[in-house]
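Visitor: Just remember that the numbering used here sits 8 ahead of the position in the sequence shown, which is counted from 1.
If you're looking for bench data, these hints aren't it; they were derived computationally from the structure.
Errors might be hidden in some of the hints.
[Claimed, not checked] Below 30 Å or equal to it, Euclidean Cα-Cα: the simulated DSBU-like pairs (lysine-lysine) are:
{"no.": "1", "residue 1": "LYS28", "residue 2": "LYS123"}
{"no.": "2", "residue 1": "LYS38", "residue 2": "LYS75"}
{"no.": "3", "residue 1": "LYS36", "residue 2": "LYS75"}
{"no.": "4", "residue 1": "LYS136", "residue 2": "LYS39"}
{"no.": "5", "residue 1": "LYS136", "residue 2": "LYS123"}
{"no.": "6", "residue 1": "LYS75", "residue 2": "LYS28"}
{"no.": "7", "residue 1": "LYS123", "residue 2": "LYS75"}
{"no.": "8", "residue 1": "LYS39", "residue 2": "LYS113"}
{"no.": "9", "residue 1": "LYS113", "residue 2": "LYS136"}
{"no.": "10", "residue 1": "LYS113", "residue 2": "LYS36"}
{"no.": "11", "residue 1": "LYS136", "residue 2": "LYS36"}
{"no.": "12", "residue 1": "LYS113", "residue 2": "LYS75"}
{"no.": "13", "residue 1": "LYS55", "residue 2": "LYS39"}
{"no.": "14", "residue 1": "LYS55", "residue 2": "LYS36"}
{"no.": "15", "residue 1": "LYS55", "residue 2": "LYS113"}
{"no.": "16", "residue 1": "LYS55", "residue 2": "LYS123"}
{"no.": "17", "residue 1": "LYS123", "residue 2": "LYS113"}
{"no.": "18", "residue 1": "LYS55", "residue 2": "LYS75"}
{"no.": "19", "residue 1": "LYS75", "residue 2": "LYS39"}
{"no.": "20", "residue 1": "LYS136", "residue 2": "LYS28"}
{"no.": "21", "residue 1": "LYS38", "residue 2": "LYS136"}
{"no.": "22", "residue 1": "LYS55", "residue 2": "LYS28"}
[Stated by the list, open to error] Here are the computed distance ranges between Cβ atoms for each label pair:
{"no.": "23", "residue 1": "LYS39", "residue 2": "SER81", "range": "35 to 43 Å"}
{"no.": "24", "residue 1": "VAL67", "residue 2": "LYS136", "range": "15 to 23 Å"}
{"no.": "25", "residue 1": "VAL14", "residue 2": "GLN124", "range": "28 to 36 Å"}
{"no.": "26", "residue 1": "LEU78", "residue 2": "ALA18", "range": "36 to 44 Å"}
{"no.": "27", "residue 1": "ALA61", "residue 2": "VAL93", "range": "19 to 27 Å"}
{"no.": "28", "residue 1": "ALA18", "residue 2": "PRO92", "range": "28 to 36 Å"}
{"no.": "29", "residue 1": "LYS39", "residue 2": "LEU82", "range": "16 to 24 Å"}
{"no.": "30", "residue 1": "TRP30", "residue 2": "ILE10", "range": "36 to 44 Å"}
For every residue, glycine included, the Cβ atom is placed at its ideal position computed from N, Cα and C.
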Amino acid sequence: MIGIPVALAASNAGEWLIHKYWLHGLGKNKKSFWAFHWHEHHRESRKNDMFDAQYVRSVLSWSPQGKEALALSLGAVAMLPMFPVAPFFTGTVWYRMYRYYVVHKRSHLDHQWAKQHLPWHYDHHMGKDQNANWCVTHPWFDHVMGTRKLYEYGARGPGEEHAPESQQKGLLGRAWAGLKEAWDVGRQVKTSLKKPNLRVAA
9 MIGIPVALAA SNAGEWLIHK YWLHGLGKNK KSFWAFHWHE HHRESRKNDM FDAQYVRSVL
69 SWSPQGKEAL ALSLGAVAML PMFPVAPFFT GTVWYRMYRY YVVHKRSHLD HQWAKQHLPW
129 HYDHHMGKDQ NANWCVTHPW FDHVMGTRKL YEYGARGPGE EHAPESQQKG LLGRAWAGLK
189 EAWDVGRQVK TSLKKPNLRV AA
C-alpha cells in the first residue's frame, strides 16, 4: 500500500520533469518529436485563450493530442514488468497517466473549467511566463521546486504576476502550500468532469 502515496508523488514529479525538460527543453527544437508541444499546442492555446482545436479531433489522429496519447500509452506499456513486483505503485501511476490525459484534454476544450479547476495550468499557458507552472493535474511539485507563478487576469490580455505564499517559505512550507492548493481545487474537480462545453475557436 505504501506504493500508492509514493506513486502519487512520483507521478507529479514526473509531470514536472517531462514537461520542463522534454516537452519544452527538447520541444523547442523544431526537428524533435516533442516539437508539437511548443510549436503547435502552445501556439494554439495562447492564441485562443486555452482552446486547442486539436483536442476536438480523434485521439487516433497524428496531432498533438494523438502524440500525447501515444507517449502516455508507451509509458504505460513500459511499466508492465513492474506490475507483479509493485502492483499498487504501478496501478496508481497508470491511473495518474489516465487522469492526466482526461483533465489536460478538458482544460483545452473548456477554458472556464480550466481557470477554475486547473488554474496552475491556465497560468502556464496564459501567464506572461510560459516556462513555469509545469504541473498539470496538481501543482504540488511546482511549489516544491519554486516554479509556481500565480497571475491575476484583467480584461486586457496576459495576466499580472503575483508571488504565491509558498515562495515566502522553505521547502516544507512550499510542499505544504502545494498540497493545500491541490486539495482545495481537487475537491471541486471530482464532480466537474462532465461533458465539456466545447468552445468554438475564433
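Visitor: Give a verdict on every hint.
Guide: Verification of the supplied hints:
no.: 1; hint: LYS28 - LYS123; in the structure: holds (21 Å)
no.: 2; hint: LYS38 - LYS75; in the structure: holds (15 Å)
no.: 3; hint: LYS36 - LYS75; in the structure: holds (16 Å)
no.: 4; hint: LYS136 - LYS39; in the structure: holds (26 Å)
no.: 5; hint: LYS136 - LYS123; in the structure: holds (15 Å)
no.: 6; hint: LYS75 - LYS28; in the structure: holds (17 Å)
no.: 7; hint: LYS123 - LYS75; in the structure: holds (25 Å)
no.: 8; hint: LYS39 - LYS113; in the structure: holds (25 Å)
no.: 9; hint: LYS113 - LYS136; in the structure: holds (22 Å)
no.: 10; hint: LYS113 - LYS36; in the structure: holds (21 Å)
no.: 11; hint: LYS136 - LYS36; in the structure: holds (18 Å)
no.: 12; hint: LYS113 - LYS75; in the structure: holds (13 Å)
no.: 13; hint: LYS55 - LYS39; in the structure: holds (23 Å)
no.: 14; hint: LYS55 - LYS36; in the structure: holds (18 Å)
no.: 15; hint: LYS55 - LYS113; in the structure: holds (17 Å)
no.: 16; hint: LYS55 - LYS123; in the structure: holds (16 Å)
no.: 17; hint: LYS123 - LYS113; in the structure: holds (14 Å)
no.: 18; hint: LYS55 - LYS75; in the structure: holds (21 Å)
no.: 19; hint: LYS75 - LYS39; in the structure: holds (15 Å)
no.: 20; hint: LYS136 - LYS28; in the structure: holds (16 Å)
no.: 21; hint: LYS38 - LYS136; in the structure: holds (22 Å)
no.: 22; hint: LYS55 - LYS28; in the structure: holds (21 Å)
no.: 23; hint: LYS39 - SER81: 35 to 43 Å; in the structure: violated (23 Å)
no.: 24; hint: VAL67 - LYS136: 15 to 23 Å; in the structure: violated (31 Å)
no.: 25; hint: VAL14 - GLN124: 28 to 36 Å; in the structure: holds (30 Å)
no.: 26; hint: LEU78 - ALA18: 36 to 44 Å; in the structure: violated (21 Å)
no.: 27; hint: ALA61 - VAL93: 19 to 27 Å; in the structure: violated (42 Å)
no.: 28; hint: ALA18 - PRO92: 28 to 36 Å; in the structure: violated (18 Å)
no.: 29; hint: LYS39 - LEU82: 16 to 24 Å; in the structure: holds (20 Å)
no.: 30; hint: TRP30 - ILE10: 36 to 44 Å; in the structure: violated (28 Å)
The structure does not agree with the numbered hints 23, 24, 26, 27, 28 and 30 stated previously, though it agrees with the rest.
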